[in-house]
Structures are given as C-alpha cells and as structure tokens.
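Each chain is listed here by its residues.
Protein chains: 2
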Amino acid sequence: MPKIVDHDERKKTIAEAMWRVILDKGMEGATVRNIADEAKLSLGALRYYFKTQDDLLVYAMELVQKRASKRIEAVLQQSLSPRELVIAVILEIVPVNTTTRIEMEVWFAFIAYVKHRSDTLVVPDDQILQMTEKLMYFLQENQLLKPNCELEREIERLYGLIDGLAIHAILDPDRLDPDRVRKTIEYHIDSICR
Amino acid sequence: MPKIVDHDERKKTIAEAMWRVILDKGMEGATVRNIADEAKLSLGALRYYFKTQDDLLVYAMELVQKRASKRIEAVLQQSLSPRELVIAVILEIVPVNTTTRIEMEVWFAFIAYVKHRSDTLVVPDDQILQMTEKLMYFLQENQLLKPNCELEREIERLYGLIDGLAIHAILDPDRLDPDRVRKTIEYHIDSICR
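Protein sequences appear in the order of chains A and B. According to the numbering used here, the first sequence is numbered sequentially starting from 3. According to the numbering used here, the second sequence is numbered sequentially starting from 3.
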C-alpha cells in the first residue's frame, strides 16, 4: 500500500530543507539536487511538488513570512501592556532565538539573491513595514507617544532599526547577542513613549 | 613599445569592473570571465593582477571601504557645526547618491556571499560601527547629547539605523528616496541632541 502523504506537509518539509541548505551553503549552494538530498527525496519527487526552482523559492519565502505572522498573531492574543505588546511583536522578528535567527538569515539570503531577478519573479513582501506602521498607530491611538514624535519619521526610524539590528545580529551574533538586541529595542520604545 | 600601465590603477579598474558586474548580475554572475570582459582584459591579464578570485574579492571590498573613509575624512575637514558634521558623515555611507548607492549595494552583495565562507576568507570590516562610536563620543564630548541618553544604547541604535536605512534605500529606492533618508537621519540626530 503506498504511503499516504499530506501534500501541504510535504511542501513545508521541502521548503524547510531549502532553508537548511541556504543556512549551511548559502544561496549559491541551494541547488535542486542539494535540496532534494537534504529533504531525502528524489529529484522527481521534488519536481512533483515544485515544477520550477522559482516556485520553491517563492513558497519558501512565503513560509518564512507566514510563520512570523502566525507568531505575531499569537502575541496579540496575550494580555500585555501596550509597551510590552509592541516590544514582544518586534522580538518575533529581530533574531533573539534560533527560530527568528533562521528565518531572518534565510530571508536576507533570499533578498540578496532575488534582487537581480525581480523582473521575472514576484518576490513576496516581508510585511515588516506594514507591521511597523501598525505598531506606531497603536501607540498613537493609545496616546503613548511623546508629543514631539512625528509619526511618519518614527515609522521609518523603527523600520530601519528593526532590519538594521536584524542584519547585525545575524552577521555578528557574539557582539549583538539576544540580550543586547532586546535592550536596544526596549530603549528605543521607551525613548519615544511617555 | 609596450604600454606603461600603472599597477594600482589597473587593480582599481578591475575592482570597479567587478562592482559593475555585481550590480548588474549579482554575486552569482561575478565570474572571472564576466569581470575580465567588463574590464576589457584577457583572463590571463586579470590573473596577473589577482592570482585568485578571493584576492580580487577582498581587494574590491577594501576599495569600497577606503573610498568611503576618504570621503568621510574630507567631510571632517569642512567647517561645519557638530550637528551638521555628524549628519554629513552619516550621509557619506547611507545611500543618497549614485556613489554611496553603488558602494552599499556592492557591500551587501559581498557580505551575503562571504557569510558562508568566512572560515577561509579574511573579510574586511566596513568600519561603520567604529565610525558610529566616534560620532557618539564626539556628540558627548561637545555636550550635545540629551542628559537621558545612554551612550552604549545610542551607538547600537544609530548603527542599526544606518544599516537598516541603507538596506531599505537599496531595496526600495522609490519609497525611501534620498530626501526621505536625509530627513530620517536629521530627525534621529535632533531627537538625541539638546
């Protein structure tokens, strides 16, 4: 009797295998052959789930984005003070643990790779700008922002800070460790809140 | 009579050809063949100046760093107020014109590529953290920082902001245009200064 395989689960398994290959070998090592080996599948089986390498690439990028969104949704369900909520949401994106580290590192590798081919590829958005906007509107609606804060500039500044800290945490994790990431974000949020 | 070639100039020409290939095709297109074609040299001539591709890679990275340092040195010679000086130095790094854009884009491509091979390659440091430290010490020594600023956190925050804005300006130049980059940096510096 043939094994019953959950189609969606198998696609996730392959995408996660692609993540591991990227973390280990970089995008230049993320060949279909290496990904199939890592997923313990034949090339034919991999091609059954993803017709082209681009299909897999886009799926693997979307999976990063979906996982982060799901964790952020869970944070929003917790009963936290506005300050704690904002910080908790940011810490689901900036690398402070293995999950966020892997996701962010894979995302940056994707972005560097697809930069030169966005003419042929619809690159998923990471939604971090939209999330930053929501966080700032939330602080403003709760009248927590200091009166001299300019909303548009604060959005740009926090958005830059999130991705800047993320890239530094990935490139130099010994210096910018999770505790230091957390303290910097807390410091920033406290500096703009009453 | 053979042409007299300035050895250093020729190396710079090759490194700049590598930059252009990276901007156009990404690191995966930066083959020795493509770089030689772009520099209008034979493979043999290129190999005369750079024995290995890694030699060229490191030289091309160092050239980005040296050019930025030279421009920053020139800014420091200008008679500017401390606030203007700090902003002018930052704007020599964050992309606001073609020069800084090319340098930063090439640098990110380098970094994404060498991340997985730093075991065999001595990667030059971009010196942005060190520069950020100097700028903050300078503001502190001139007693310009607001009294509630914590120096260590301010360094981390500005360092993150610089690279975050840089990566966003490269990935989405229509949204984060030079004027918006400049205003965000001015806003940040004004927020921490008396």
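Simulated from the structure, these hints should not be mistaken for lab results. Check before you lean on any hint, since a few could be wrong.
It does not matter which identical chain is used: a pair holds within one copy or between any two.
Okay, derived cross-link-like pairs now, DMTMM-like style, lysine to aspartate or glutamate, Cα gap no bigger than 25 Å in a straight line [what the hints assert, rightly or not]: (1) 13 <-> 128; (2) 117 <-> 128; (3) 136 <-> 39; (4) 136 <-> 176; (5) 117 <-> 176; (6) 117 <-> 179; (7) 53 <-> 26; (8) 185 <-> 57; (9) 68 <-> 56; (10) 27 <-> 181; (11) 14 <-> 154; (12) 14 <-> 143; (13) 27 <-> 192; (14) 68 <-> 11; (15) 14 <-> 181; (16) 72 <-> 152; (17) 117 <-> 181; (18) 14 <-> 174; (19) 42 <-> 154; (20) 117 <-> 64; (21) 136 <-> 30; (22) 136 <-> 174; (23) 27 <-> 127; (24) 42 <-> 152.
How the hints compare with the structure:
1. Taking CA atoms no more than 25 Å apart as the test, residue 13 paired with residue 128 passes inside one copy only; the shortest distance there is 20 Å, against 39 Å between copies.
2. Taking the shortest Cα distances, residue 117 and residue 128 sit within 25 Å of each other both inside one copy (14 Å) and across copies (21 Å).
3. Taking identical chains as interchangeable, the C-alpha atoms of residue 136 and residue 39 are never at most 25 Å apart, the minima being 41 Å within one chain and 48 Å between chains.
4. Proximity of residue 136 and residue 176 under a CA criterion of 25 Å is satisfied inter-copy only: 21 Å between copies versus 31 Å inside one chain copy.
5. Taking identical chains as interchangeable, the C-alpha atoms of residue 117 and residue 176 lie at most 25 Å apart only when they sit on different chains, with a minimum of 15 Å there against 28 Å within one chain.
6. When the C-alpha separation of residue 117 and residue 179 is checked against a cutoff of 25 Å, the pair qualifies only between copies, where the shortest distance is 18 Å, while the shortest distance within a copy is 28 Å.
7. In this homomeric assembly, residue 53 and residue 26 come within 25 Å of each other (Cα to Cα) only inside a single copy, at 24 Å, whereas the closest approach across copies is 27 Å.
8. In this assembly of identical chains, residue 185 and residue 57 lie within 25 Å of each other by CA distance neither inside one copy nor across copies; the values are 39 Å within and 39 Å between.
9. Taking the closest pair of Cα atoms, residue 68 and residue 56 come within 25 Å of each other only inside a single copy of the chain (18 Å); across copies the shortest separation is 37 Å, beyond that limit.
10. In this assembly of identical chains, residue 27 and residue 181 lie within 25 Å of each other by CA distance neither inside one copy nor across copies; the values are 28 Å within and 38 Å between.
11. Taking CA atoms no more than 25 Å apart as the test, residue 14 paired with residue 154 passes in neither setting, with 37 Å inside one copy and 41 Å between copies.
12. Proximity of residue 14 and residue 143 under a CA criterion of 25 Å is satisfied in neither setting, with 38 Å inside one chain copy and 54 Å between copies.
13. Taking the shortest alpha-carbon separations for residue 27 and residue 192, neither the intra-copy value of 39 Å nor the inter-copy value of 43 Å comes in at or below 25 Å.
14. Taking identical chains as interchangeable, the C-alpha atoms of residue 68 and residue 11 lie at most 25 Å apart only when both belong to the same chain, with a minimum of 14 Å there against 49 Å between chains.
15. With identical chains, the CA atoms of residue 14 and residue 181 are never at most 25 Å apart, being 31 Å at best within one copy and 42 Å at best between copies.
16. In the homo-oligomer, the alpha carbons of residue 72 and residue 152 never lie at most 25 Å apart, since the shortest distance is 30 Å inside one protomer and 34 Å across protomers.
17. Taking identical chains as interchangeable, the C-alpha atoms of residue 117 and residue 181 lie at most 25 Å apart only when they sit on different chains, with a minimum of 23 Å there against 32 Å within one chain.
18. With identical chains, the CA atoms of residue 14 and residue 174 are never at most 25 Å apart, being 29 Å at best within one copy and 29 Å at best between copies.
19. Within a single copy, residue 42 and residue 154 get their C-alpha atoms no closer than 48 Å, and across copies no closer than 47 Å, so neither meets the 25 Å cut-off.
20. Taking CA atoms no more than 25 Å apart as the test, residue 117 paired with residue 64 passes in both settings, with 16 Å inside one copy and 23 Å between copies.
21. Proximity of residue 136 to residue 30 under the C-alpha cut-off of 25 Å is found in neither arrangement, the shortest distances being 36 Å within a copy and 37 Å between copies.
22. In this assembly of identical chains, residue 136 and residue 174 lie within 25 Å of each other by CA distance solely across copies; the values are 20 Å between and 29 Å within a copy.
23. In this assembly of identical chains, the alpha carbons of residue 27 and residue 127 lie at most 25 Å apart whether taken from the same copy (24 Å) or from different copies (22 Å).
24. Neither within a single protomer nor between protomers do residue 42 and residue 152 lie at most 25 Å apart by alpha-carbon distance, with minima of 52 Å and 51 Å respectively.
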